[in-house]
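J.: Each residue of the sequence shown is one higher than the one before, counting from 77 in our numbering.
Since the hints were made in silico from the structure, they are not lab data.
Owing to the predicted nature of the structure, the values given are computational and were not obtained by experimental measurement.
Idealized CB from N, CA, C, for every residue including glycine.
Among the hints, erroneous ones may be present.
[Said to hold, decoys possible] The list that follows gives simulated cross-link-like pairs (lysine to aspartate or glutamate, DMTMM-like), each with its CA atoms no further than 20 Å apart:
no., residue 1, residue 2
1, K213, D284
2, K213, E280
3, K228, E273
4, K113, E190
[What the hints assert, rightly or not] Computed beta-carbon distance windows for the label pairs:
no., residue 1, residue 2, range
5, E190, L117, 19 to 27 Å
6, I120, E273, 32 to 40 Å
7, F203, K281, 23 to 31 Å
8, S118, A247, 42 to 50 Å
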Amino acid sequence: MFGMLLEGYVVTLQIFFLTLLGAVPLGVLVALGRLSKSKILSRIVGAYISLMRGTPLMLQMFAVFFAPYYVFGIKTDKSYMFVAVIIAFIINYSAYFGEIYRSGIQSMPRGQYEAAEVLGYSNSQTFFRIILPQVIKRILPAMGNEIVTLVKDTSLAFSIGVAEMFTTGRALVAGQRTMLPFAIAAAIYWVSCMVIEFFLRRAEKKLDYYHD
Numbered sequence: 077m078f079g080m081l082l083e084g085y086v087v088t089l090q091i092f093f094l095t096l097l098g099a100v101p102l103g104v105l106v107a108l109g110r111l112s113k114s115k116i117l118s119r120i121v122g123a124y125i126s127l128m129r130g131t132p133l134m135l136q137m138f139a140v141f142f143a144p145y146y147v148f149g150i151k152t153d154k155s156y157m158f159v160a161v162i163i164a165f166i167i168n169y170s171a172y173f174g175e176i177y178r179s180g181i182q183s184m185p186r187g188q189y190e191a192a193e194v195l196g197y198s199n200s201q202t203f204f205r206i207i208l209p210q211v212i213k214r215i216l217p218a219m220g221n222e223i224v225t226l227v228k229d230t231s232l233a234f235s236i237g238v239a240e241m242f243t244t245g246r247a248l249v250a251g252q253r254t255m256l257p258f259a260i261a262a263a264i265y266w267v268s269c270m271v272i273e274f275f276l277r278r279a280e281k282k283l284d285y286y287h288d
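Could you build all of it, start to finish, from the sequences and the hints given here?
T.: Have a look at this one:
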């Protein structure tokens with residue numbers, strides 16, 4: 077039982093890390109698009125954020141999974157299930173991350189940009205050396221909440237047939253008629269979240285020298 081749950085947990089971790097790998101940098105582009113001086117680009121990105129945040133992630137997974145066939149007439153195989161999950165998770169979480177980045181950037185006082193300009197910093201130097209470290213400190217709690225939520229949201233992958241830990245646990249409960257697999261799965265999710273929270277707290281402490 078435990079071995080099968082661990083196999084499912086490996087899939088859960090793959091979804092988790094691949095989503096972060098794609099959504100964290102894509103969220104930066106989303107934030108920059110939302111802050112763009114181009115009203116057209118800003119509105120398009122704003123509509124994208126609204127759509128991703130205003131519709132269920134499960135529905136988005138179904139859309140990504142069935143779109144190749146119903147929209148483009150392309151037949152997919154079982155291997156596309158996992159790909160569809162990753163795509164849906166990335167485009168969903170990049171919208172949330174993008175809004176967090178945007179709020180962090182907009183919260184920075186304009187005077188810091190002006191002071192950096194007086195000191196001769198270029199725009200890129202100002203952003204990466206002065207603004208970005210402070211933005212990271214400000215958004216870390218909100219990012220942490222989303223990352224912890226991501227751990228639990230991986231269980232939604234069952235809806236299109238990806239056998240992550242929750243799916244494995246459900247199959248074991250049905251086959252063995254015991255709630256123990258669910259209890260073990262819950263414990264694994266809980267420990268995973270605690271580990272993430274531990275590292276996030278350490279990161280916050282390291283950034284304490286950036287005072288608001």
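J.: Enumerate the violated hints, using their earlier numbering and listing them in ascending order.
T.: As far as the earlier hints go, not one is violated by this structure.
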